[in-house]
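A.B. asks: Sequence:
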Amino acid sequence: MCSCSGNMAGLTRAELQEYEYGRSSCFMCISAVFLLLVCRVNAQTEDTHVLTVADANWTLILQGEWMIKFYAPWCPACQHLQADWDNLGRQSESLGISVGRVDVTQQPGLSGRFLVTTLPTIFHAKDGDFRKYVSSRTIEDIQAYVVDRKWATVEPVPGWKSPSSLLMSGMANLFRLSVWIRQIHTYLTNALGIPSWGSYVIFAIITLFMGLILGLMLVLIADCIWPSRPKRREDKTVVIVKEEVSEEEVEEKHTSDLDNESERVSGDDSTEEEEGVMTDGAGSGSEQMPSAESSVRKRKPQGPDTAEGT
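Under numbering that gives the first Met the number 0, the residue at position 56 of the sequence shown is numbered 55, and the numbers go up by one with no gaps.
The set of hints was computed from the structure by calculation and includes no laboratory data. One should not assume that every hint holds.
In silico BS3-like cross-links for lysine-lysine, where the CA-CA straight-line distance does not exceed 25 Å [as the list claims (entries may be wrong)]:
1) K149 <-> K131
2) K125 <-> K149
3) K149 <-> K160
I would like the entire structure built from these sequences, with the hints used as guidance.
C.D. replies: Pasting the structure below:
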């Protein structure tokens with residue numbers, strides 16, 4: 000009887016120990032889950048102060064006053080600014096602004112839209128007007144920039160460089176395309192084992208093919224908008240007008256030709272007579288002078304010297 004009661008007491012104690020151990024383990028699990036939930040809630044509460052801006056919701060910064068930070072996780076300067084930026088987010092309600100951040104590694108389109116070239120880059124936005132913050136990045140200077148309205152002394156970004164402009168929208172698409180091409184290049188070289196030069200050749204062929212297609216499309220569009228007109232040949236009729244000449248005009252023309260010819264002939268005769276007279280004078284002079292002098296005088300042209308000699 001006593002042994003049975005002792006065995007029963009031993010079994011009951013073991014069961015009690017197992018129960019206590021299970022209860023303590025369950026309590027520890029519940030405590031761990033509760034701590035995780037508390038940490039997650041705290042993390043979510045802190046994250047709500049700094050809004051993550053992406054391509055899907057970036058138009059929110061066109062309304063109200065914002066401070067936006069562009070950063071990258073691998074950037075040391077961005078990591079140094081993170082604590083002050085979180086502190087600014089916690090004070091955003093008292094400052095009357097909204098605080099946002101953009102991870103350029105996850106949102107290349109926004110980095111192209113804002114034309115971000117250095118990290119970290121901070122922008123101030125006020126009702127769609129954007130100004131680049133170039134002062135000190137301490138929390139005190141950033142607060143003074145907002146509270147003292149120092150941003151009013153800074154010229155906003157020109158309209159053609161505004162993130163909502165057509166040019167910057169095209170730049171955003173270009174940045175997305177560059178990241179997409181880089182991802183494809185990485186896949187071709189790492190996953191498929193294609194060498195780098197082979198990947199470049201593939202991209203070159205695709206570029207040429209796309210250029211031909213785009214050129215053909217532009218030609219078709221231009222032909223639809225401004226269709227080419229066929230050239231019409233204009234038959235030019237050449238009219239030859241023959242002048243009708245009357246018989247009287249022919250006779251008058253013939254008579255005038257004859258008169259001109261007769262005048263020419265008479266002129267030639269008179270010239271021959273003058274030459275003959277001159278020859279006779281020279282011959283009479285030759286009777287008084289030696290033959291040698293007459294021959295010399297005939298060769299010389301008549302001039303002042305000849306007149307003196309005669």
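A.B. asks: Hint by hint, note whether the structure agrees.
C.D. replies: Verification of the supplied hints:
1. K149 <-> K131: holds (12 Å)
2. K125 <-> K149: holds (12 Å)
3. K149 <-> K160: holds (22 Å)
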